[in-house]
Amino acid sequence: MIESIDQLLLLFAATARFAPDDTVREVLGVAQKRLLVLRYRWLQLNKPFVVAIVGLSNVGKSTLMNALLGDKYAPAGNYPCTATPVEFSYGEQLKMTVHLANDFVRPQWSFTDTTELLNRLMLVADEKQKTTVDEVSRVEVTAPLSMLQDGLVLADTPGFNAVQLDERAGTHQKTLDTYLRSRASQVFWVVRAAFGVDKMEKAFFERFLGELCDDIVVTGSESLDETQRLRWRKRVAANLRGYSPRFHFVSGLDGSEARRAGDLAQLDRAGICNLETQLRELAAQAVREQVLKNGVVELTRQLGDWARTYWADKAQTSGHFWNPPEWATLAENCKADERFQQLVAQLDVPH
Amino acid sequence: MYDLTDQMQRIETITWAKKIRELLAKEGQQSAVDAVNDAITQFEADKVTIAVLGKAKRGKSTLINALLGRTDDVVAPIDVLPASSTISRFFSGPQEVATVHIAKEGKDDAKSIPFASIREYVTEECNPENRKGVTFVDISAPFSTLDPNVVLVDTPGAGSMHEHHDALLHAFIPSADAVIFLVTAQMPIDQLELELLGKIRAADIKKIFFVVNQIDATTPQDLSDAIEHNAKVLASVGIHTSITHKISARAAFEGKPGNGGLDSLVTEIREFLSVNRLTAQVDRLRSRVENIALPLLTQLDIKLREGLCSSTELDAQISQISESRKEMERQRVIVDREFLLEWNSAIDYFEQQLGKIQRQTQDHFEQKIAATSKFNIDTMKAQLPGLIRSDIDARIRPPIEELEQRLDACAQQLQRSLPYLDIHSGGGVSLRKLTDEEIKKGLLKGAVGLILGGGLPVMTASITAHLAALAVGVAVSATWNPLTWIPAIIGSLGITGGSAVATPVLAFIGGPVAMAAAAVGVAMVPIAWNKSRAKLKADLPSVARDFIAEVFDVIRTVKVRELRKAGELLLREYRLKTEKQITETEATLETIRTQRPTETQLALLAQKREAFQEVMKALPPART
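Protein chains in written order, with this note's numbering: chain A, 1 to 351; chain V, 1 to 624.
Only chain A is shown next, with the shape it has when bound in the complex:
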């Protein structure tokens, strides 16, 4: 698959270079960008699948983490507090490893219960412990959690946009940015039902939507009925033109309570079960693979449709839409691969 994507990228690039006008260049530019996203995600297939839970300070990321993972795994409080990304992955033992930004030495601790872990986490991740956070690039926690057994890694991240009071103002945002760019396979965006989406959130969305983020988790949704949820989704979607994220309406508070009590019905009502299913599906490599394949097929179908219309409108009688040498290579390569033949057929522009 990666070879096909690379071959397509070469074709797009070569065609754009000799394109007759800016429209073609622009459209191919968009196609390249979309394909690069698919390519990036394809390369992530064999890596640990890191889902970053992202959102404003105090929006309820940590509560949501607790609803998903059970027990108290994330430090919470009513001030901007998680200062460093914390990754949770599967392990027989409760362990915590601290990754430092410029060092290969990784301090590690083992725990017998989550209280010890939480205390240690607070020391490293809490904003109040200023001295330690500077050099920490991320913290990894392993725990025997069934949800993470398939290789899913869940990451709690520093909230942004709250006013930081120390001299390192703005560091949360930077830590988050660096982290998302370097570690995250996918982003789940947490917003609070009661507060909607503000200007800063929208700006941040637009930087990551499409590339890393397909999912918006609306927490605190217990206060919304079905109609209200629909209106909520419509209003926000109308303001994120050009993207079609999935919306998950959940209640972090009800969820974490249900998790503590082991009440599965309540957990389901809180929307946590659906969210968990979505996460598990994404964590399954085969599912992600299929999604990506479909993505490439869909991209070539749409692009081919556009190219044929464009070429017909131009009433071109001579010349080729696609760069001939690259097209020839593509045609040559596709003989061996059935799927590839479909892509090529979809892209073909008769001349």
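Hints are computed from structural coordinates only; laboratory data are not their basis. Treat the hints with care, as some may be off.
As the list claims (entries may be wrong) - As a list, the in silico DMTMM-like pairs of lysine to aspartate or glutamate whose alpha-carbon atoms are at most 20 Å apart:
1) A:174 with V:290
2) A:234 with V:129
3) A:47 with V:73
4) A:202 with V:163
5) A:202 with V:195
6) A:234 with V:120
7) A:234 with V:79
Stated by the list, open to error - Using C-beta positions, here's what the derived DEER-type ranges look like:
8) V:224 with A:241: 38 to 44 Å
9) V:220 with A:298: 48 to 54 Å
10) V:199 with A:100: 38 to 44 Å
11) A:298 with V:255: 52 to 58 Å
12) V:31 with A:240: 34 to 40 Å
13) A:9 with V:217: 46 to 52 Å
14) A:9 with V:394: 32 to 38 Å
15) V:217 with A:104: 42 to 48 Å
16) V:199 with A:298: 41 to 47 Å
17) V:113 with A:9: 33 to 39 Å
18) A:95 with V:220: 31 to 37 Å
19) A:47 with V:568: 41 to 47 Å
Where a beta carbon is used, it is the ideal one built from N, C-alpha and C, also for glycine.
Using the hints, position chain V against chain A.
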């Protein structure tokens, strides 16, 4: 209602404002006259305008309903989504009347609507993106708990995803006498709320009631944490709150016992009204009128000073300006060349350093890989891109700081060559250069005179704009510090959310290093790094070397080149502006010379100025 002295002061204040309005009318300043009229009308209505401000979904409309003593949300609709999309003003009156003001072809069109239709005009749901063009809605009724002297104002949420709300809101803020600043107990104060406070303070509004809402949706511990945090944030921007009201607007609206804690807020508002009503209103009228009139007074001043000069003096000024201009022209080539030379040589030096760092980085990783055992090579492989990235980030920092200092010095040097249009107190203008002392002290503020080329603020703006345009995907904020342009860029290059990055040039060059590395990494990893361990160990150094080279290549070919270009663009823009302004000044002087104002005209001008100054000073200080 008022005692005699108070009445006197009211009348004096109105007379004062009307005199200024008259002077403005004589000058033909219609828009200024209109603005003063608005201020006077508001003052004469003898009502204190109290606006409820805050982000979206903080419970502003719920609080309004509670303060009005309403049991339904007909007049101030409430929704689970951001509801209010316009300014609603609430008055106490004998009958239920609602008037919608709509901007139609530049004119205000008012129409009366039944209470039941208010929702159709004031909500985002029924009037999306304000397609109906509503500017504001006035609602009056015998509201049971509304003080007849108060106009209560509901506003759209600040900083929401609906951007037209902010425009309406910002235009309205200056006409408020006092503000109820509403935050939620569930979230700490954020950047957008600080921005809103900035707007309130810029409008010179002295009284802010701080209110934390939604206390019923949080624990006492979280509430006190939030209040403590907020107080610290406010103190950091110089706002000291003695009282924060803790309320639940919803509980009050629903008529729960305890009135949602609203009573303390209402008491403070009452106290404010009884003690400060007149003072607050006089203050507001004065500061609004002064803000409108002062620019015109300055204009008058300049005109008069010019007119007072004799023909010989004028000739002297004109020849002085044209001499300075010639002199500047002569020096210009040199100044420009020096600027570009220094700008580029700073960048050249930085590029040399880049080469050095590249070699150091490569050596460092060669050794590191050599020291890694074959069994750990897989781990090493996985970590390498990250390690390289942070290694480069750390190494690149000192030379970038040095580069920054040199570019800063460069700009200062250019500033020294800025022509300064001096307006002498004795009359007349001349063109000269600023002394170092003046540059340091920041002459720009308060001095009479114009720095041509827009001075540093304009330069800063253009540097900021250029760098921002070059740094792809980085949002620009509108603020900059006029005297130190380097820190200025920090703000403007900060990532959305107003965060400051360590150094601006680092943000510009270094920030994207990570992204450059990531882009390169995507391309390289699959091709080169899937190998057997032995082969990997043998090949890894060269792969690492190539990877490092690619990253530095991106910095060199993209970032450094853009920085070079920025120097030229900056210079060109600055020169163009200077040229234009000198030409304009010369033209003005030329006009005055050929059409000398007569003695009578001059006397009239002097009279006008004097009258103006007299009136401006005449307002007696407000009683305390």
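Worksheet item: Holds or violated: residue 234 of chain A with residue 129 of chain V, Cα cutoff 20 Å?
Response: Holds: residue 234 of chain A and residue 129 of chain V sit about 14 Å apart, inside 20 Å.
Discussion item. Tell me if the beta carbons of residue 31 of chain V and residue 240 of chain A are separated by a distance inside 34 to 40 Å.
Written reply: Given about 39 Å between the Cβ atoms, the range holds.
Worksheet entry | Consistency of beta-carbon spacing, residue 568 of chain V to residue 47 of chain A, with hint 41 to 47 Å | holds (44 Å)
Item to complete: Using the beta carbons of residue 199 of chain V and residue 100 of chain A, state whether their distance is inside 38 to 44 Å or not.
Response: For residue 199 of chain V and residue 100 of chain A the Cβ distance comes to about 42 Å; the hint holds.
Worksheet item: Going straight from one Cα to the other, do residue 234 of chain A and residue 120 of chain V come out at no more than 20 Å?
Response: holds (19 Å)
Item to complete: For the range 42 to 48 Å, tell me whether the beta carbons of residue 217 of chain V and residue 104 of chain A fit it or not.
Response: Once the Cβ atoms are compared, 46 Å apart, the range 42 to 48 Å for residue 104 of chain A and residue 217 of chain V holds.
Worksheet item: Going straight from one Cα to the other, do residue 202 of chain A and residue 195 of chain V come out at no more than 20 Å?
Response: Holds, at roughly 17 Å.
Worksheet item: Regarding the pair residue 234 of chain A and residue 79 of chain V, is the alpha-carbon distance no greater than 20 Å?
Response: With Cα atoms ~15 Å apart, residue 234 of chain A and residue 79 of chain V stay inside 20 Å; holds.
Worksheet item: Do residue 298 of chain A and residue 255 of chain V keep their Cβ atoms within the hinted range of 52 to 58 Å?
Response: The hinted range 52 to 58 Å holds for residue 298 of chain A and residue 255 of chain V, with Cβ atoms some 55 Å apart.
Worksheet item: Given the hint that residue 174 of chain A pairs with residue 290 of chain V, does the C-alpha gap stay at or below 20 Å?
Response: Outside the cut-off at roughly 43 Å; violated.
Discussion item. Quick check: does the Cβ-Cβ distance between residue 224 of chain V and residue 241 of chain A fall within 38 to 44 Å?
Written reply: holds (42 Å)
Worksheet item: Between residue 47 of chain A and residue 73 of chain V, is the straight-line Cα distance small enough, at 20 Å or below?
Response: violated (53 Å)
Consistency with the previously given hints fails for numbers 1, 3 and 17, ordered from lowest to highest.
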